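Protein chains: 2
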Amino acid sequence: MSWNPELETAFSPKVVAMVGVSANTKRGAPWRPGASSFVTCYEELGFQGRIYPVNPKATEIMGLKTYHSVSSIPEPVDLVIVSVPAQALPDVLEDCIAANAKNIHVFTAGFEETGEEEAIELGSRVRQIALNGGLRIIGPNCMGLYVPRAGIGSFERLSSESGPVALLSQSGGHCNWFSHYGPDYGIKFSKVISFGNAYVLDSTDYLEYLASDPETEIICMYLEGVKDGVKLLRQVREINRVKPVILWKAGLTESGSRAVASHTGSLAGEEAIWRGFFAQTGAVPAFSLEEIAEMTMTFLYVKPPRGKRVAVIGLGGGSSVSSADVCAREGLEVPTLTRETQVELKKFISLAGASIKNPLDTGLVFRDVSLLEREIELVAADPLIDMIIVSPHLDMAKRVGPDQVDRLVKYLSDFSRDNAFDKPLVINFHSFANEPWENELRARLQVELPREGVPVFDSLVGASRSLARFFEYHQFLRRRAID
Amino acid sequence: MSWNPELETAFSPKVVAMVGVSANTKRGAPWRPGASSFVTCYEELGFQGRIYPVNPKATEIMGLKTYHSVSSIPEPVDLVIVSVPAQALPDVLEDCIAANAKNIHVFTAGFEETGEEEAIELGSRVRQIALNGGLRIIGPNCMGLYVPRAGIGSFERLSSESGPVALLSQSGGHCNWFSHYGPDYGIKFSKVISFGNAYVLDSTDYLEYLASDPETEIICMYLEGVKDGVKLLRQVREINRVKPVILWKAGLTESGSRAVASHTGSLAGEEAIWRGFFAQTGAVPAFSLEEIAEMTMTFLYVKPPRGKRVAVIGLGGGSSVSSADVCAREGLEVPTLTRETQVELKKFISLAGASIKNPLDTGLVFRDVSLLEREIELVAADPLIDMIIVSPHLDMAKRVGPDQVDRLVKYLSDFSRDNAFDKPLVINFHSFANEPWENELRARLQVELPREGVPVFDSLVGASRSLARFFEYHQFLRRRAID
Numbered sequence: 001m002s003w004n005p006e007l008e009t010a011f012s013p014k015v016v017a018m019v020g021v022s023a024n025t026k027r028g029a030p031w032r033p034g035a036s037s038f039v040t041c042y043e044e045l046g047f048q049g050r051i052y053p054v055n056p057k058a059t060e061i062m063g064l065k066t067y068h069s070v071s072s073i074p075e076p077v078d079l080v081i082v083s084v085p086a087q088a089l090p091d092v093l094e095d096c097i098a099a100n101a102k103n104i105h106v107f108t109a110g111f112e113e114t115g116e117e118e119a120i121e122l123g124s125r126v127r128q129i130a131l132n133g134g135l136r137i138i139g140p141n142c143m144g145l146y147v148p149r150a151g152i153g154s155f156e157r158l159s160s161e162s163g164p165v166a167l168l169s170q171s172g173g174h175c176n177w178f179s180h181y182g183p184d185y186g187i188k189f190s191k192v193i194s195f196g197n198a199y200v201l202d203s204t205d206y207l208e209y210l211a212s213d214p215e216t217e218i219i220c221m222y223l224e225g226v227k228d229g230v231k232l233l234r235q236v237r238e239i240n241r242v243k244p245v246i247l248w249k250a251g252l253t254e255s256g257s258r259a260v261a262s263h264t265g266s267l268a269g270e271e272a273i274w275r276g277f278f279a280q281t282g283a284v285p286a287f288s289l290e291e292i293a294e295m296t297m298t299f300l301y302v303k304p305p306r307g308k309r310v311a312v313i314g315l316g317g318g319s320s321v322s323s324a325d326v327c328a329r330e331g332l333e334v335p336t337l338t339r340e341t342q343v344e345l346k347k348f349i350s351l352a353g354a355s356i357k358n359p360l361d362t363g364l365v366f367r368d369v370s371l372l373e374r375e376i377e378l379v380a381a382d383p384l385i386d387m388i389i390v391s392p393h394l395d396m397a398k399r400v401g402p403d404q405v406d407r408l409v410k411y412l413s414d415f416s417r418d419n420a421f422d423k424p425l426v427i428n429f430h431s432f433a434n435e436p437w438e439n440e441l442r443a444r445l446q447v448e449l450p451r452e453g454v455p456v457f458d459s460l461v462g463a464s465r466s467l468a469r470f471f472e473y474h475q476f477l478r479r480r481a482i483d
Numbered sequence: 001m002s003w004n005p006e007l008e009t010a011f012s013p014k015v016v017a018m019v020g021v022s023a024n025t026k027r028g029a030p031w032r033p034g035a036s037s038f039v040t041c042y043e044e045l046g047f048q049g050r051i052y053p054v055n056p057k058a059t060e061i062m063g064l065k066t067y068h069s070v071s072s073i074p075e076p077v078d079l080v081i082v083s084v085p086a087q088a089l090p091d092v093l094e095d096c097i098a099a100n101a102k103n104i105h106v107f108t109a110g111f112e113e114t115g116e117e118e119a120i121e122l123g124s125r126v127r128q129i130a131l132n133g134g135l136r137i138i139g140p141n142c143m144g145l146y147v148p149r150a151g152i153g154s155f156e157r158l159s160s161e162s163g164p165v166a167l168l169s170q171s172g173g174h175c176n177w178f179s180h181y182g183p184d185y186g187i188k189f190s191k192v193i194s195f196g197n198a199y200v201l202d203s204t205d206y207l208e209y210l211a212s213d214p215e216t217e218i219i220c221m222y223l224e225g226v227k228d229g230v231k232l233l234r235q236v237r238e239i240n241r242v243k244p245v246i247l248w249k250a251g252l253t254e255s256g257s258r259a260v261a262s263h264t265g266s267l268a269g270e271e272a273i274w275r276g277f278f279a280q281t282g283a284v285p286a287f288s289l290e291e292i293a294e295m296t297m298t299f300l301y302v303k304p305p306r307g308k309r310v311a312v313i314g315l316g317g318g319s320s321v322s323s324a325d326v327c328a329r330e331g332l333e334v335p336t337l338t339r340e341t342q343v344e345l346k347k348f349i350s351l352a353g354a355s356i357k358n359p360l361d362t363g364l365v366f367r368d369v370s371l372l373e374r375e376i377e378l379v380a381a382d383p384l385i386d387m388i389i390v391s392p393h394l395d396m397a398k399r400v401g402p403d404q405v406d407r408l409v410k411y412l413s414d415f416s417r418d419n420a421f422d423k424p425l426v427i428n429f430h431s432f433a434n435e436p437w438e439n440e441l442r443a444r445l446q447v448e449l450p451r452e453g454v455p456v457f458d459s460l461v462g463a464s465r466s467l468a469r470f471f472e473y474h475q476f477l478r479r480r481a482i483d
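Heads up: the sequence lines are chains A and B, in that order. For the record, in the first sequence the residue sitting at position 295 is 295 according to my numbering, with numbers rising by one throughout. For the record, in the second sequence the residue sitting at position 228 is 228 according to my numbering, with numbers rising by one throughout.
This is chain A alone, in the form it adopts within the complex (with noise of 0.2 Å):
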C-alpha cells in the first residue's frame, strides 16, 4: 500500500482557505455546524497555518483579511473548506480548479440524501465537475477531517492531544461524540475523518491513507455504504493484521437500509455479505460507538489473553448469577476454580452467603483492600483462569477510605504492568447511590486507570464482549498464521 502524498497535504494543512463564513461572525458565539465556527475551532486548537476566509460581501471577518474567492487568494491552498447553499457549490468548486485547490471538504449538503429530483441532479452536476478538476472531495454533507496534531478540527472543545486511534466515519455526529468521549476512554486520536456521500474520495481511500500513516495504530469505521466492497474486503484483510480494525456496519436491517439512504444517499448491502466480510476479514465487529469506544480501549490497554476463560470477582449472588450468564453470551468461558484455589481462598473466606466457585461472590474482599489482591492473586494464579474482570461497587471506596483506594488503584497498575500471571485484568464498576462523590470517582478512576493499563467499564456486558472479540481477533490472527 502506497503512501498518498497528496492526501497528505489535507490532513496537516499550513493555509486554509474557509468559504461561506459568515460576513457578521464573532468569536464566542455558540458552536453551530458550518465554516463561520470551524474558524473558532481551529484556533482552539491552536492551528498554526494561516487561515483565509471567503467571502465575497467582507473584506475582513474575526480580524482576519477576507477574500471574495479562492483564486484570489495569494498562496497556494492546502485545504478549502465550503460551507455554502447547495447551489452554489459548482462555482466553489470551479474556482477551486481554477485555484489549483485540490484537497476540497465539502460540509454543504443538500443532495442525493434528500430524495429530492433536484437536488439529486444537482449532486450528479458537482460530482461530475470535481471529476473532471481532478479534485479530492472529501464529503458532501460531512464534518471533514479532526487532525489534534495538525491543530484543525470542526467541533468545539476538542482534545489538542495526539494519539495512535483513527476514527473513519459517515457521520459526523458520531466523528463528534467519538472526538469528545474518547479521552474518557483513555484515546487519543491521530485523525479523525467524517466522509459523508463519498463523492470522490471513499472509505477505501482513507483506509489506504491511515494503513500507511506511521501515527495511527487502531482503525475504528463507521460505514454505511461502499462503492467497492471487494476492494474494501482485500484491504480490510490486509491491515486488519497489522492494525486492528474495529468497523460499525450500520444499516443491516431494512429500516436502518432506508435510513442510510436518507442519510448519505448510500446503498447499504445485505446483512449476509457482511456476515462473510468479518469473517473473512477477522475485522472485530461493533454495533454502537459505545462499543467501538469500549473495544478500542481493550485493544489499547489490554494484553492478549492465552485463552477465553474469565473469572469474575464480584459482590452477591444475584449478580453472581447474571455475570455467568453475561460472560457466556458474549462467548467466553466461565469455568469452576481448581480445588487448590478453592482451598486457599477458604483459608480467610467462610462460605456462608459467598461463592468461591467463580463467579466470585465474595463480600468480604470489598471491605478490605488487602483481601481483594490476596483473592487476586490467587485467581490470577489459577491454571484454568485466562482473564479478570473485577467488579466492586463503588461505595466499596467509602468503606475502606481513599487511602486504601489509592492502594488498590496502585495495586491494579502493577498488577498489570508487571504481568507476571500474563494474564489481563479489567474492571467493571457498578454504582448504587448515584451521588455526587460516587461519580467524580468513576470520572476520576475510568481515566486514571486505563492509562495504567487497567481498562474501566460501565458494564458487564461491555467488558465480557471486548474481551470476548479482543480474544477471538488474536485467535484468528493465530489460525491465520498456520494456514
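If you're looking for bench data, these hints aren't it; they were derived computationally from the structure. Keep in mind the model is a prediction, meaning the values are calculated, not measured. It is possible that some hints are incorrect.
If you want the footprint, here are the derived chain B segments under chain A, 3+ residues with CB under 8 Å [claimed, not checked]: (1) 110-116; (2) 247-256; (3) 326-338.
Just a sample of chain B residues kept apart from chain A, beta carbon distances all over 12 Å, derived [as the list claims (entries may be wrong)]: (4) ILE73; (5) GLU94; (6) ASP95; (7) PRO164; (8) GLY229; (9) ARG237; (10) ALA279; (11) GLN280; (12) PRO304; (13) ARG306; (14) ARG407; (15) ALA420; (16) ARG479.
Computed from the model, here is a short list of chain A residues facing chain B with C-beta under 10 Å [unchecked claim]: (17) ALA86; (18) SER169; (19) HIS174; (20) GLY251; (21) PHE287; (22) VAL321; (23) CYS327; (24) ALA354.
Ideal Cβ placement from N, Cα and C applies to all residues, glycine included.
Here the structure of chain A is known, so what remains is to put chain B in place on it, guided by the hints.
The following block gives chain B in isolation, referenced to the frame of chain A:
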C-alpha cells in the same frame, strides 16, 4: 386464588423479634447485612410496631429491652428475623416453634449453596424442623421483606412511599438495587420479597399472595430455580391477564446455571423449557435489572399502542441510521412517514443535512421548542405511526434556556395526559458533555417526566425494547381474548 391471612401477618407485622442482634450494636453504625442493622432500617422506615432484639448475652440493645429467646418474649410474635451462624439455626427454630411464632425470615446462609457436605446436611435438618413445626420460612440465605406501608425493610435509606409494584427475587442484592433505583424510574413498591433458598415458601406461594394483594398491580420476578414449574406456569398464565408479570429467569446458560447452584442451591432448568414458558404465559421477559426497571416504567406510565410502528425524532444522520437499526432489531417497525406529513414538515424544515422520512433528523427543532412541538403534532397525526420516541441531546437545554425546557416539559405532560392522538410518546435523552448541569437536569427530568406519563430512557435500545415488549404483551392478551 385465595388470600393467605397467615402470610399477611408477615407482611404487616406488629411484633417483630430479631434474633442475633449483636450486643454492642450502635445506632448510626454503617449498614451491614444482618439483624444488627435491621433494627435501624425498621426505625428509618418509621416502623410503628414493637421490636424485640433476642440475644442470650444482653439485656438491652440500643435502648430496646432484649430477650434471651423468642419464647421468652411476652406477647405473640408476628415475624421473627434470624441472623445467627448456620449451626445455631436449628435451636432458634425449635425456640420459634415453642413460642408458636410461625413467620420466620432466615437471613442466615451457609447451606447447600456452599456445596459442602456438612452444610448440605444442616440444610436438610433445618428444612425438616421447619416442615414439622409448620414454620413459614422466608429463605434461608435472603434479605426478607421490604414493605413501605408496614415500615419494614432490611436495607438502609429505603423510600417509605408505597406504590403498585412488587418484586419477588431470589437475590437479595437485586432487591437492594431495585428498591433503591426504582424511584429513579418513577417506581414505588408494594412489596419487595427476597426469598433465597426457598426452603418452605417458594415463588408460587408468594405469587399467590401478590395475586390477591390489592396493593400490587405489577409483579416483577427474578428467578433462579423453581420447585413446581407446572404450578408456576398455570399461576403466571392466570395472573398475567390482570397484573403484568415481568420475569427475569437467570441461569439459562451453562455457566449461569452452575452459578445458580452456588448461589441459592437451585436447579436452573433448560432454556428451551423457559422459552415455552414465556410463549404460553405471555409473561414479559427481561434479562437484567435495568430491563426490569425500564419495562416496569413502561407498564406504569405508557398507554397501550395500537400497533408497533414507531417514529423516532432525533438528531444526526448517523444516529438516524442506528436508531432505525436498533428499533428494527427490537421488533418495532420504522415506516416512512406519509407524503402528506412530509409536505407539512417541509414547510419549516430545510432538507439539506436533515431527513423527514423517519427516523427524523431535524436539528432545527432542537433549537426551537415551538418547532419541536409542531413536529411532534404532525408526526402524531400520521396514520402510519403508532408511537413516538423523542431523542434529544441534553445540551438542547443550554441552547433554548430554562424557560423553554419548562415549556417543553409542560407540553409533553399535556400531550401524554390529553392523549388526543391515542399514541404513546417516550423520551430518550442523549448526553454529550457529562457536565454537572446536564447530570442534574437529567436526574430532575428522569423523575418529573414519568410522573406526567412520559417515561424517560437512558438508551434507545431500552426505549424500543420496552415499547416492543409492552406492545407484545397487549397483543398476547388480545389474541387470547379471541381464542
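Right, here's what the structure says about each hint:
1. Requiring three or more residues with a Cβ within less than 8 Å of a Cβ of chain A, the coverage given for the segment 110-116 of chain B holds, as 5 such residues are present.
2. Evaluation of the coverage hint for the segment 247-256 of chain B: fulfilled, as 7 residues show C-beta separations to chain A shorter than 8 Å, against a requirement of three.
3. Counting residues of the segment 326-338 of chain B whose CB falls under 8 Å from any CB of chain A gives 6; the rule of at least 3 is met.
4. In this structure B/ILE73 is separated from chain A by more than 12 Å, as the shortest Cβ-Cβ distance comes to about 26 Å.
5. At roughly 20 Å, the least C-beta separation between B/GLU94 and chain A is larger than 12 Å, which holds for a residue marked as non-interface.
6. A cut-off of 12 Å between C-beta atoms confirms that B/ASP95 is not in contact with chain A; the least separation is 20 Å.
7. With a least beta-carbon separation of about 23 Å from chain A, B/PRO164 lies farther than 12 Å from that chain, consistent with its non-interface assignment.
8. Distance check on B/GLY229: its Cβ is at least 18 Å (rounded) from any Cβ of chain A, clearing the 12 Å threshold; non-interface status holds.
9. Look at B/ARG237: its CB is around 25 Å from the nearest CB on chain A, clear of 12 Å, so calling it non-interface holds up.
10. Every CB of chain A is more than 12 Å from the CB of B/ALA279 (nearest about 20 Å), matching its label as outside the interface.
11. At roughly 22 Å from the closest C-beta of chain A, the C-beta of B/GLN280 stays outside 12 Å, upholding its exclusion from the interface.
12. Against chain A, the non-interface label of B/PRO304 holds: every CB pair exceeds 12 Å, the least being about 22 Å.
13. For B/ARG306, the condition that its CB be more than 12 Å from all CB atoms of chain A holds, with the nearest at approximately 19 Å.
14. Against chain A, the non-interface label of B/ARG407 holds: every CB pair exceeds 12 Å, the least being about 20 Å.
15. The claim that B/ALA420 is not at the interface with chain A holds, since no C-beta of that chain comes within 12 Å of its own (minimum 27 Å).
16. With a cut of 12 Å on Cβ distances, B/ARG479 stays outside the contact zone with chain A, its closest approach being about 25 Å.
17. Here the hint on A/ALA86 is kept, as its CB sits about 6 Å from the closest CB of chain B, short of 10 Å.
18. Because the smallest distance between the Cβ of A/SER169 and any Cβ of chain B comes to about 7 Å, under 10 Å, the interface hint for this residue holds.
19. Taking 10 Å as the C-beta contact cut-off toward chain B, the hint placing A/HIS174 at the interface holds, the least distance being around 4 Å.
20. Given the 10 Å rule on beta carbons, the hint for A/GLY251 holds: about 5 Å separates it from the nearest Cβ of chain B.
21. Nearest Cβ of chain B to the Cβ of A/PHE287: about 8 Å, under the 10 Å cut. The hint holds.
22. Residue-level restraint check for A/VAL321 holds (minimum Cβ-Cβ distance to chain B is 4 Å; threshold 10 Å).
23. The interface hint given for A/CYS327 holds, since its Cβ lies 6 Å from the closest Cβ of chain B, which is under the 10 Å cut-off.
24. For the restraint placing A/ALA354 at the interface with chain B, the shortest Cβ-Cβ distance is roughly 8 Å, inside the 10 Å limit, so the hint holds.
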